[in-house]
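Chemist: Sequence:
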Amino acid sequence: MSKLGIWVDFSQKIVCTELRRQDLISGSDWAYDASDCAQKFSATSYQGYRLWAVPCLRLMRKHPALTRVLATAVRWMVADIKYQRGVNKKPHVMGLIIRRGIFWPANLLMGGLVVVARAGRYMHERNTTGIGIGG
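In short: position in the sequence shown from 1, add 518, done, that's my numbering.
Keep in mind the hints are simulated off the structure, nothing from the lab.
On a predicted model such as this, the values are computed, not experimentally measured, just so you know.
Just to be clear, a hint being listed does not mean it is correct.
To be verified - Pairs of lysine-lysine residues, derived as DSSO-like cross-links and limited to a Cα-Cα distance of at most 30 Å, are as follows:
(1) K558 to K607
(2) K558 to K608
(3) K558 to K600
Throw the hints in and build the complete structure from the sequences for me.
Modeler: See the structure below:
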């Protein structure tokens, strides 16, 4: 997946863009997060991200308390990014847990499930239309 192809469009960072729009994270934090995602997202993990981020955006707009909690989690994740890049001297344990233990693994897992579901749907359609093996 092209790093520039995704990240030139400001709207591709769904949750953090909404947090930035509401001024709950700084432009600098948004940029650190977007840069990290540009380096780490694969096609599969980005699909997983979109799977939960789009409905989450709707909830964020209805529930300000949820939005504030997510903003805190994102700031923690950015603190972990800054530590990894040598900007911060101290590790941020909650940021590490959320970013490396939940965010990235969950995106990859959910994206993998999307890929499996699409493959299953394709195989089902292929077999029911008479194009399958021995058809």
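Chemist: None of the hints should be skipped; say for each whether it holds.
Modeler: Going through the hints against the structure:
1. K558 to K607: This hinted pair holds, its Cα atoms lying about 22 Å apart.
2. K558 to K608: 22 Å, holds
3. K558 to K600: 15 Å, holds
Checked against the numbered hints given earlier, this structure breaks none of them.
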